[in-house]
Structures are given as C-alpha cells and as structure tokens.
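Model the full assembly from the supplied sequences, consistent with the hints where possible.
First to last, the sequence lines map onto chains C and G.
Under the working numbering, residue 284 is the last one in the first sequence; the count climbs by one each step, no gaps.
Under the working numbering, residue 311 is the last one in the second sequence; the count climbs by one each step, no gaps.
Keep in mind that the hints were calculated from the coordinates and are not lab data.
It should be emphasised that the depicted structure is a prediction, and the values quoted were computed from it without experimental measurement.
In this text, a Cβ means the ideal position worked out from N, Cα and C, and glycines have one as well.
It cannot be assumed that every hint is accurate.
Below 30 Å or equal to it, Euclidean Cα-Cα: the simulated DSS-like pairs (lysine-lysine) are [to be verified]:
1) K4(G) to K150(G)
2) K4(G) to K306(G)
3) K174(C) to K220(C)
4) K306(G) to K240(G)
5) K174(C) to K235(C)
6) K28(C) to K34(G)
7) K4(G) to K102(C)
8) K205(C) to K174(C)
9) K306(G) to K206(G)
10) K206(G) to K151(G)
11) K102(C) to K34(G)
12) K34(G) to K256(C)
13) K206(G) to K102(C)
14) K174(C) to K28(C)
15) K205(C) to K220(C)
16) K263(C) to K34(G)
17) K263(C) to K306(G)
18) K235(C) to K263(C)
19) K205(C) to K235(C)
20) K115(C) to K102(C)
21) K150(G) to K34(G)
Reference excerpt, derived from the structure (chain C facing chain G, CB under 10 Å, subset only) [stated by the list, open to error]:
22) G36
23) D67
24) Q108
25) P111
26) D112
27) S125
28) L126
29) G154
30) Q159
31) G161
32) D190
33) D198
With the C-beta cut set under 10 Å, the calculated list includes, among others, these residues of chain G facing chain C [what the hints assert, rightly or not]:
34) E29
35) K34
36) A114
37) G285
38) L290
Listed here are the chains, written in short residue letters.
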Amino acid sequence: MATPTVDKQATIAYLEAKARSIRWDVIKMIGTAGSGHPGGSLSAADIVATLYFHELDHRPDDPGWPDRDRFVLSKGHAAPVLYAALAESGYFPREDLWTLRKIDSHLQGHPDMRKTPGVEISTGSLGMGFSAAVGMALGLRIDKRQSRVYTLIGDGESQEGIIWEASMFAAQQKLDNIVGVLDYNNMQIDGLVSEIVDIYPATSKWSAFGWHVIEIDGHKIGEILDAFRAARVVKGRPTMIIANTIKGKCVSFMEKAVDFHGKAPTSEEVDRALVEIEALGPLG
Amino acid sequence: MAYKRATREAYGDALLELGREYPDLVVLEADLAKSTTTIKFKEEFPDRFFDCGVAEQNMMAMAAGLATTGKVCYTGSFAMFATGRAFEQIRNIVSYPRLNVKICPTHAGITVGADGASHQTLEDIALMRVIPGMMVIVPADYYEAKKAIKKVAEIEGPVFIRLGKAPVPVLFDDTYEFVPGRAVNLREGSNVTICATGIMVDSSLKAADNLAQQGISVEVINISTIKPLDEGAIIGSASKTGRVIVAEEHSIIGGLGSAVAELLSDKYPVPVTRIGINDLFGRSGGPAELLEYYGLTDEDISQAAKSLLDK
Ligand SMILES: Cc1ncc(C[n+]2csc(CCOP(=O)(O)OP(=O)(O)O)c2C)c(N)n1
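Right, dumping it as structure tokens:
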C-alpha cells in the first residue's frame, strides 16, 4: 500500500476523532436507556464514522434528496452507532440520543425509517436489510442515478439464508453500485461464530457468489478508506468488504465479552468506558 | 406485591425435566439460548442440543427432519422469528405432515419492551391458529407454562406454546394440572364473562376484583389452549352472563378475540368486546408503560366491562 499523503493522514485523524465521538455517544446512550447492544455498535464504529463523514454523499438537512447515497444498517440491533452518526451529521439534535428506547422517542430500539430522519429502511430482523439494500441499488440503477448503496451486515447475521439469496441476485444483476461491509467480529449472542455455525472462509464464499471481495482491518480508518475507494472502480460486480473487527472495540471490559452483545453498562461501567474512550484522543 | 416470574424461565426448567425423562428429546436453538433459557438444557445435555445460528427457517425445517427419525423436537428463538420468519416451514414441512415438533418461542407480545416493534410479535397467535391441526397454547404464568411444555411431549404432532420475556405474576403452583384443550374457570360470576389468555389473565382477575366492589359480578376464564378451543366452557359461561370480553396481549385480529367471536357468532351470539392491540405495530418502551399505552391494563378491562353492561 502507498504511503499515506499528508492529506490522507489528516482525513484519518479527523475520522478517528469522529469514531471516538460515536463510541462515546453509543456508551452514554445505551447506559442512559438501560438496555441495548453495545458490542456490535462499537465493532462497527470506525466503519460507520468513515461512511458518514467521508464516503457518503448525503445532505442531513435534506434527508429525502433523491440522489443521496444510502446506508442500510442491516444488523439493526447496532442502532446506537447509526443514531450517533446521524446526530453528529446533523439529522437531529444530539440531545435526542438520550431518549433512546423511551416510549415517546423517535429513536426506537431498532431503526425505524418512519420515525427517525436519515434512517433509510426499518431493520431489526436480521438478514432483511441486506436484501432491501440490493433492492435499493436495483431501483437506483433503473432510475440511472449515480447514488451508491452501502450496507453493514453481521457475521452471525450471515447465517441467514436470505443473505446468500440476495448475494446471488446482486451478482446476477451485476450491481456495482452496492457495497456490503461484513462486521467480522467472530461473535454472535451464543458465543463465537466459528463455534456455532461458521461462515469461514467468508472471503472465498462471497467470491464464489460473484462478488469482488476486499479484506481489511475494520478498525484501521486508512484501510476502510482505501477499500471504499477501490470499490468505486469495480465494474459489473458488487463489492463485499470483509472487515475484521473486535466486538466491543475500545472499551477494555467489553472487548470480546459475549455478555456485552445485548447488555447495558451500569452507570459505573459507563463512567469507566467514557474515560477509556477519552484517553484514546480528542473527540471529533 | 405479587411474586413474579417470566414464562420463558419455565422453558429451560421444563426441558431439563423432559430431557431426563425422554432420551429422544432434542432441542434446537437459533442463537438465543440464554434469552430463551434453552441454555439450561444445553448444559445438561450438550449432545442433544444444537445451535443452528441465526437461521430460524433452517432450524424449523431441520426439526421436521429430526421428527421423522423419532425425535421429540423442541425449538427455540423469539416468537417473532420462529413463527414469522419460519412460518412457511411450520406450515408446509412441520404441520402439513403432522410432524412432532414443539414450537415454544419466547419474547412474544408487546411486553418485549424496549427492543421495539421489530421484535414485538402481535400476530403469532393468529399465524399459528390458522394452521390446520396446530395446537396453540398461551400460558398465564410460570407454572402453567412449565406444565404445558411438559404435557405436550405426550402429544404426537405440532404444538405452539407462546412464552414471554417479562416477569409476570405467578398465579398457580407446582400442583397445577394443565389439561390441553381445557379452559379453566378462575372466578364465578353472573354479569359478564372475561375470556383471558396469557398475561391478561392476571389483569382480568384484578379487574374482576375492582368490578366486584362496584357490584358487578364477573366470571373469569383462563383460556390457555386457544386451539382447540374449549367451546363448551365459553358457550356455557356466555349463556349465563350474556356478555363476553376477550383479553389478550396480541392483535385484536386473529387471536383469542377472533376465536371466541367466531365461535359465539356461529353457536351462541352475544355481544363481545375484544381487548388487545388495536391493529397497530408496537414501539419501544417499558412493558408496563406499553400495556398502558395500548390499553391492556386491568383498568381498561373494567371500563370495557362497564360499557358492555351499559349496552
Ligand atoms: C431474524 C432474527 N433472528 C434473531 C434475532 C436476534 N438477534 C439479534 S442480534 C443477534 C446476533 C447477531 O450476531 P451478529 O450478526 O454477528 O451481530 P454482532 O455480533 O456484530 O452484533 C441475534 C440472534 C434477530 N434480531 N433477527
């Protein structure tokens, strides 16, 4: 890989700060709500930060702009990471984040496109968001729009048959305006993906299904940026970015901790986690 | 304060006892072993527990295959995904051939709470009830759930048992006898009948207490088997009171309300009021807040009873 330019270094530093900010908000949000999914939100934070603050062409003041790029959070339980990115982008006030999962909040436990500005489609039932993203890519191509569709899926989620049905269809249709990102943290609720129903080797599986596959470290912003750039020039095939990640990334006691898939931190744990995140560098 | 326990807790406890009794019993889970409590079975019988990963359709169709080899197969996951995602597997490869698969998913209903609409199934009773030959059971508390889960192992064929996430008041004890297909009269009354199922049984008993203080005599029937319906019990009570309220933590379309209305309109027409989720999707919130928001409290039942008496 080429040595990063000064510009690229600045972009990376900027996005790292955004990712820290998103992680901070994720912890605070779930802690305040008293329930939610921290592990899979933290593993996706660098990818989501890079999407919202670099890759996506979007207009937070005009969420319905027809030529926008779309992001679909297919692993909908990671809603907090999406909400943090949307708030930071300006889709709604940051204070709204502290209403997560409350009865009168527009921030539902899982993303709701009819309640939250910036949410492209309602997800929460695993596997379906990915298919819907393929449908969006198809619709945008029919309309000859230049918009691109990005979608984040989980490795546990990839055990759903619908993921592979959609993968075959997207390749058949030669959809090159869609980029999938696999949040490959090797964890699901009941334990390690490799010990429950393994999806390994994910790279050759998606290749065999007709996708262009790029494997990266999903916590290295430079690699995430390069992968998205590389995906833009792939023609006639969809691209899957296999992002190797760590569940709970950046909070020591949440990293690779099965329990923190769907458990809120206590207020003492929130404080500890926020201190750890702040110690990593400035927030964006 | 009434003592509370979630009906899902009965799943793991009953499976442990069943596992010891039935060497052919196999449990399939779809990445929710801790939430559904099937993990208890996994710990004692690791060789008869299989985690299918996040793949409910595959889990359900594999259960059908296992059943053909003589296994008694109990399946896991949440009610939304087991009965929704895997509906057609249940319909075509489990129920049509009448295979011995027990579908006992947890986290049914609005009381799932903060996870919100995508996880709050309010349609599962309807989906299961419409399948020919499917037995549909909605236990009212931990003990009824445990007894039902154990009892249906003796029945050859598909059974759906609806379990919940939130702790709910315990109404019975270990001496309770669950008889499939039998409704149980929990309170004798003469002015109005409440047919209740699941967590609404407790609210109906509370409503009956409140109404008794206002001089209204209420009969409360626990209808834990929604299919086959205990027609005799319902018609018997309706002929005595002449007015029926149905209360369930489910859409007012297709569940117990529909079942009772269908029965009475065919065989003994009387005024019926259905209490349930009024053809809406759920939303995030606390279980108690949501019950209030959607009109599923004992107060709502009392109001409905009074309106029905005024008619
Ligand atoms: C269809 C469906 N089945 C089950 C669930 C419950 N569930 C929520 S998250 C999850 C595990 C997902 O694992 P993975 O995709 O690896 O997510 P991550 O570890 O990245 O958070 C499960 C089983 C669901 N939301 N949808």
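Discussion item. Min Cβ distance, Q108(C) to chain G: is it shorter than 10 Å?
Written reply: Since chain G brings a Cβ to about 4 Å from Q108(C), closer than 10 Å, the hint holds.
Worksheet item: Would the hint on P111(C) stand, with a C-beta cut-off of 10 Å toward chain G?
Response: holds, 9 Å
Worksheet item: When you check the alpha-carbon spacing of K306(G) and K206(G), does it fall within 30 Å?
Response: holds, 15 Å
Discussion item. Min Cβ distance, K34(G) to chain C: is it shorter than 10 Å?
Written reply: holds, 7 Å
Practice prompt. Would you mind confirming whether the straight-line C-alpha gap from K150(G) to K34(G) stays at or under 30 Å?
Written response: Satisfied, since the Cα-Cα distance of roughly 20 Å is no more than 30 Å.
Worksheet item: Can we keep the G161(C) interface hint, with Cβ of chain G closer than 10 Å?
Response: Holds. Min distance 6 Å.
Discussion item. Hinted pair, alpha-carbon criterion (30 Å max): K34(G), K256(C). Please report holds or violated.
Written reply: Holds, at about 17 Å.
Fill in: Proposed proximity, K102(C) with K4(G) (alpha carbon, max 30 Å)
Holds, because 23 Å separates the two Cα atoms, which is no more than 30 Å.
Discussion item. For K263(C) and K34(G), compute the direct alpha-carbon distance and say whether it is at most 30 Å.
Written reply: holds, 12 Å
Worksheet item: How about D190(C): closest beta carbon in chain G under 10 Å, or not?
Response: holds, 5 Å
Item to complete: Using 10 Å as the Cβ threshold, decide whether Q159(C) counts as touching chain G.
Response: holds, 4 Å
Worksheet item: Keeping to a limit of 30 Å between CA atoms, is the pair of K205(C) and K174(C) held or broken?
Response: The hint holds at about 17 Å.
Violation of the numbered hints given earlier is confined to hints 14, 17, 18, 23; the remaining hints are satisfied by the structure.
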